[in-house]
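A.B. asks: Below are the chains, spelled out letter by letter.
There are 2 protein chains.
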Amino acid sequence: MINIAIAEDQVLFRKGIISLLNAVTDLRVVLECNNGEDLLQQLDACPETIHAALIDINMPVLNGLETMKIMREKHPDIRNIILTIHEEERYIQAMVEAGANAYLAKNADFSEVEKAIRAVVANDYYFNEQTIKAMHHFMHGKKQKVVLGEMDITRREREVLELICQENTSLEISQKLFISESTVNGHRNNLLLKIGCKNTAGLVLFAIRHNIYRIH
Amino acid sequence: MINIAIAEDQVLFRKGIISLLNAVTDLRVVLECNNGEDLLQQLDACPETIHAALIDINMPVLNGLETMKIMREKHPDIRNIILTIHEEERYIQAMVEAGANAYLAKNADFSEVEKAIRAVVANDYYFNEQTIKAMHHFMHGKKQKVVLGEMDITRREREVLELICQENTSLEISQKLFISESTVNGHRNNLLLKIGCKNTAGLVLFAIRHNIYRIH
DNA sequence: TAAAAAACAGGTATTTTTATCTGGTTTTTA
DNA sequence: TAAAAACCAGATAAAAATACCTGTTTTTTA
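So the protein sequences, as listed, match chains A and B. Position 184, counted from 1, in the first sequence is what the numbering used here calls 184; the numbers after and before it change by one each time, with no gaps. Position 164, counted from 1, in the second sequence is what the numbering used here calls 164; the numbers after and before it change by one each time, with no gaps.
You may find that some hints are simply not true.
No farther apart than 16 Å at their CA atoms in a straight line, the calculated lysine to aspartate or glutamate pairs in the EDC-like style are these [what the hints assert, rightly or not]: (1) Lys198(A) <-> Glu167(B); (2) Lys106(B) <-> Asp9(A); (3) Lys176(B) <-> Glu159(B); (4) Lys106(A) <-> Asp9(B); (5) Lys74(A) <-> Asp44(A); (6) Lys74(B) <-> Asp44(B); (7) Lys176(B) <-> Glu162(B); (8) Lys198(B) <-> Glu167(A); (9) Lys133(A) <-> Glu97(A); (10) Lys115(B) <-> Asp26(B); (11) Lys69(B) <-> Glu37(B); (12) Lys69(B) <-> Asp38(B); (13) Lys176(A) <-> Glu159(A); (14) Lys198(A) <-> Glu172(B); (15) Lys198(B) <-> Glu172(A).
Calculated from the structure, these hints are not laboratory results.
When you get a sec, could you build the whole thing from the sequences and use the hints?
C.D. replies: Right, dumping it as structure tokens:
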């Protein structure tokens, strides 16, 4: 019997996965949580041995990356399977680098989820073609300048980026932050370099992808 | 017995929901599809009476809104339940206006999905507090300038907008569309006016909100 | 089917953004 | 706790985006 924990904030998706997993005779979902912090707390209180954890990236309170880093330290025997909508290579790279045992896109089919669970329990890791490819690109030095961006973006840069997303010009931003327009343009430029994009459009896309700016 | 169809492109989410629905004794998922076009085709070939359809908004080929409009004409007896990640009022408004019988966010819990299915079958409609609120705002004239925007944007403008989101400059866009840079700038300007935003950041946000550009 | 409206194509001038710089300050880390 | 790295602030020139125009062609609609 394989015991599974799942951290995923979308209730319906979570319940659906649990239903599918519990329908398999030797799989059992022992723990379910809304976010990473919840997972860590529940694990401390859990008497059962957990073999694998399905972890979402976008979660409130404690996100997937941070959660997994702590998991590696506090629960090194639990295999971490990332289950996310993000298919960009930089996510795969960041997660694998941080110690993920498997990386699955949410649009994978269930048989792959099952396969990944069995694989990580038996052989520690499960990497599909997409993941292997991302790792190759990473190793061949084709990695993005900023792996999981927001971590490497300074507070000031983040403030500027937020205001850019709110359609402010550099002058307006400088007035709101009480700095000169040139400085704002300096931050803008650093953002472009760090994120590795070409212009404002790229900055906005990055901000949305990384929840620096939330779209309504 | 209530027969249900489901159109949802995320396989895992779809399979999960189906597993949950089929676990309820008097609910049965008869039809599952990847997109709207698939749904319409399968409905034509389906000998069973479908009582309700769960429809996602973001789907390839034929999206939720277009799908539902056709459903209203060709299958007026089937109740359409929108099941989406979008919680913005303009989506609710657009969908209800187009004839949705219920609107649910994907982070609803399963009991609400079940409740909504029973409600639309018994009483045609199911609207929760959030939906009612959006409809009130709509009726009180607080609706956004562009309800589901893309309708008012020409094909050419949409092409330009897509390329803007892909971080192309006006010159690059002009080369890709075989028109002059000035023309591209003209389209850009019209987009700014129609959408009512200030700059590229606003254009990108609009494109994402209205699924003209899909973020990964 | 004419008239009207909308879409498409383009030009010019101004403003904003982007590419490269310099140097001081704060934070890491060896 | 020095040295190194990263952050913050800024300037200037070049490139790109935006504001404001004029026409032509295609679609609507009265």
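A.B. asks: Now, for every hint given, state plainly whether the structure supports it.
C.D. replies: Results for each hint:
Between Lys198(A) and Glu167(B) the CA atoms are separated by roughly 6 Å; this keeps the pair inside 16 Å, and the hint holds. Distance restraint check for Lys106(B) and Asp9(A): the Cα-Cα separation of roughly 11 Å lies within the 16 Å cut-off, and the hinted pair is therefore satisfied. A distance of roughly 10 Å separates the Cα atoms of Lys176(B) and Glu159(B); the hinted pair therefore holds under the 16 Å criterion. Only pairs whose Cα atoms come within 16 Å are accepted, and Lys106(A) paired with Asp9(B) is accepted, the gap being roughly 11 Å.
Restraint check for Lys74(A) and Asp44(A): the C-alpha separation of about 10 Å stays at or below 16 Å, so the hint holds. With a C-alpha separation of about 10 Å, the suggested pairing of Lys74(B) with Asp44(B) holds against the 16 Å cut-off. For the hint pairing Lys176(B) with Glu162(B), the CA-to-CA distance comes to about 12 Å; that is within 16 Å, so the pair holds. At most 16 Å may separate the alpha-carbon atoms for a hinted pair to count; Lys198(B) and Glu167(A) meet this at roughly 6 Å.
A threshold of 16 Å between alpha carbons decides the hint, and for Lys133(A) with Glu97(A) the separation of about 14 Å falls inside it, so the pair holds. For the given pair, Lys115(B) sits about 13 Å from Asp26(B) by alpha-carbon distance, which is consistent with the 16 Å threshold. For the suggested pair Lys69(B) and Glu37(B), the alpha carbons sit about 12 Å apart, so the restraint of at most 16 Å is met. Only pairs whose Cα atoms come within 16 Å are accepted, and Lys69(B) paired with Asp38(B) is accepted, the gap being roughly 15 Å.
Under the criterion of a C-alpha separation no larger than 16 Å, the hint pairing Lys176(A) with Glu159(A) is consistent with the structure, at around 10 Å. Proposed proximity of Lys198(A) and Glu172(B) is supported: the alpha carbons are some 12 Å apart, at most 16 Å. As the CA atoms of Lys198(B) and Glu172(A) are separated by approximately 12 Å, the hinted pair is consistent with the 16 Å bound.
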